[in-house]
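Turn these sequences into a full structure, and let the hints steer you where they fit.
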Amino acid sequence: MDLLDADTLIRIYHSGVALSPKKALLCCVLTLLLLYHLATAPYRYWQCGCPPLHFFLLPCSGNGSFGQEIDLLRRLSHPNIVQYYGSNRVSSIRQAIPFVFVQTEDTLSIYLEYVSEGSIHKLLKEYGPFKEPVIRYFTAQILSGLAYLHEGRTVHRDIKGANILVNHYGEVKLADFGLAKHISSTAEIHSIKGTAYWMAPELIKSSYSGEGYNLSVDIWSLGCTLIEMATARPPWHPLEPVAAMFKIANSKDTPNIPDSFSEIGKSFLQLCLKRDPASRPSAARLMGHPFVHGYLTPVKASTIQLMGDEW
Numbered sequence: 001m002d003l004l005d006a007d008t009l010i011r012i013y014h015s016g017v018a019l020s021p022k023k024a025l026l027c028c029v030l031t032l033l034l035l036y037h038l039a040t041a042p043y044r045y046w047q048c049g050c051p052p053l054h055f056f057l058l059p060c061s062g063n064g065s066f067g068q069e070i071d072l073l074r075r076l077s078h079p080n081i082v083q084y085y086g087s088n089r090v091s092s093i094r095q096a097i098p099f100v101f102v103q104t105e106d107t108l109s110i111y112l113e114y115v116s117e118g119s120i121h122k123l124l125k126e127y128g129p130f131k132e133p134v135i136r137y138f139t140a141q142i143l144s145g146l147a148y149l150h151e152g153r154t155v156h157r158d159i160k161g162a163n164i165l166v167n168h169y170g171e172v173k174l175a176d177f178g179l180a181k182h183i184s185s186t187a188e189i190h191s192i193k194g195t196a197y198w199m200a201p202e203l204i205k206s207s208y209s210g211e212g213y214n215l216s217v218d219i220w221s222l223g224c225t226l227i228e229m230a231t232a233r234p235p236w237h238p239l240e241p242v243a244a245m246f247k248i249a250n251s252k253d254t255p256n257i258p259d260s261f262s263e264i265g266k267s268f269l270q271l272c273l274k275r276d277p278a279s280r281p282s283a284a285r286l287m288g289h290p291f292v293h294g295y296l297t298p299v300k301a302s303t304i305q306l307m308g309d310e311w
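Under UniProt numbering, read the sequence shown as residues 1 to 311, first letter to last.
By construction, these hints were calculated from the structure, which means they are not laboratory data.
Heads up, the beta-carbon is just placed ideally off N, CA and C, and yes, glycines get one too.
Hints may contain errors.
What the hints assert, rightly or not - Simulated restraints, written as ranges between beta carbons of each label pair: (1) Lys122 to Tyr85: 15 to 25 Å; (2) Pro241 to Lys122: 16 to 26 Å; (3) Arg74 to Lys122: 38 to 48 Å.
Claimed, not checked - Straight line, CA to CA, 20 Å or less: simulated SDA-like cross-link-like pairs of lysine to any residue: (4) Lys266 to Asn256; (5) Lys266 to Pro290; (6) Lys274 to Glu263; (7) Lys122 to Lys181; (8) Lys131 to Glu263; (9) Lys300 to Gln83; (10) Lys252 to Lys274; (11) Lys300 to Lys181; (12) Lys300 to Glu113; (13) Lys266 to Arg285; (14) Lys266 to Ser282; (15) Lys131 to Ala278; (16) Lys252 to Ser267; (17) Lys266 to Asn250; (18) Lys131 to Gln305; (19) Lys205 to Phe246; (20) Lys125 to His237; (21) Lys300 to Pro79; (22) Lys181 to Lys252; (23) Lys247 to Ser282.
As structure tokens, this is what we get:
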């Protein structure tokens, strides 16, 4: 029997065949295939005598950023990751089976923690480059969030100032998990995702080299974000995005480290920006670096205080 034949699947679905609990996985696969074929070949309803009104036929969003982001966010709970509170639809979304979402062209609402001060990118536009103590304080919190993600084998893939939020108390929250991905302990990822100026060399090369990448791409992006915080510009900023990607992938260069950084800061950045991903320390290991030592405890300082002279 060809399980990829939509007519056969529909007949099985309506035949009343009972699957034992041991075959729950098979039932799930059959349901997924059925939904796929019904959505992509609606003209075949009538061939098998199955009225369309028997089904709730909508494009699947589980393979897209919305379904993936909801599935990931609902499983995360950490002080330095934006909190997910729920989602609903206005005639737009339903859960077909566990962790599979379908949506219409209407509104999908995702309810997240309110983070009042906006992103680091926004603060840089308002206040200009951050002083090193502020960078160290924010970096410690970013590392804490990354260490939590990486412990669960989740790679963010788009760490940058625009995706890091700051609340009224100066607490950092990692956000925008649309590109995040869970990986197994031995797997590597091959799809190219991210924002050009913050991309790691191996991530860009994965589009043509056949070699994958892993959690360490977030460490490279963290280093680029430190440069962004120190200069109010992304690394490689004189270059257009495509030119920057070419240089990152094909040269032996690393982003220029601002002279304003202390020796400890430069040491931290050099570790993050190792071109060999195997040489980059993990987020958990970097939390022991002197650059963030003493900054891991939140101080509950307002944004105005953080940007003021006392820092």
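For each hint, the structure was consulted:
1. Lys122 to Tyr85: 15 to 25 Å: With a Cβ separation near 22 Å, Lys122 and Tyr85 satisfy 15 to 25 Å, so the hint holds.
2. Pro241 to Lys122: 16 to 26 Å: This hint holds: roughly 21 Å between Cβ atoms.
3. Arg74 to Lys122: 38 to 48 Å: violated, 26 Å
4. Lys266 to Asn256: Holds, at about 10 Å.
5. Lys266 to Pro290: Status holds; Cα separation ~11 Å.
6. Lys274 to Glu263: holds, 17 Å
7. Lys122 to Lys181: The hint is violated at about 26 Å.
8. Lys131 to Glu263: At roughly 15 Å apart (the allowed maximum being 20 Å), Glu263 and Lys131 satisfy the hint.
9. Lys300 to Gln83: holds, 18 Å
10. Lys252 to Lys274: holds, 10 Å
11. Lys300 to Lys181: The hint is violated at about 31 Å.
12. Lys300 to Glu113: holds, 17 Å
13. Lys266 to Arg285: With a Cα-Cα distance of about 17 Å, the restraint between Lys266 and Arg285 holds, given a limit of 20 Å.
14. Lys266 to Ser282: Judged against 20 Å, a Cα distance of about 17 Å means the pair holds.
15. Lys131 to Ala278: This hinted pair is violated, its Cα atoms lying about 30 Å apart.
16. Lys252 to Ser267: Since the Cα atoms of Lys252 and Ser267 sit roughly 18 Å apart, the hinted pair holds (cutoff 20 Å).
17. Lys266 to Asn250: At roughly 24 Å apart (the allowed maximum being 20 Å), Asn250 and Lys266 break the hint.
18. Lys131 to Gln305: holds, 12 Å
19. Lys205 to Phe246: Holds. Lys205 to Phe246 sits at ~9 Å (cutoff 20 Å).
20. Lys125 to His237: Since the Cα atoms of Lys125 and His237 sit roughly 15 Å apart, the hinted pair holds (cutoff 20 Å).
21. Lys300 to Pro79: With Cα atoms ~13 Å apart, Lys300 and Pro79 stay inside 20 Å; holds.
22. Lys181 to Lys252: violated, 28 Å
23. Lys247 to Ser282: violated, 25 Å
The structure fails to meet hints 3, 7, 11, 15, 17, 22, 23 from the earlier list, while all remaining hints are met.
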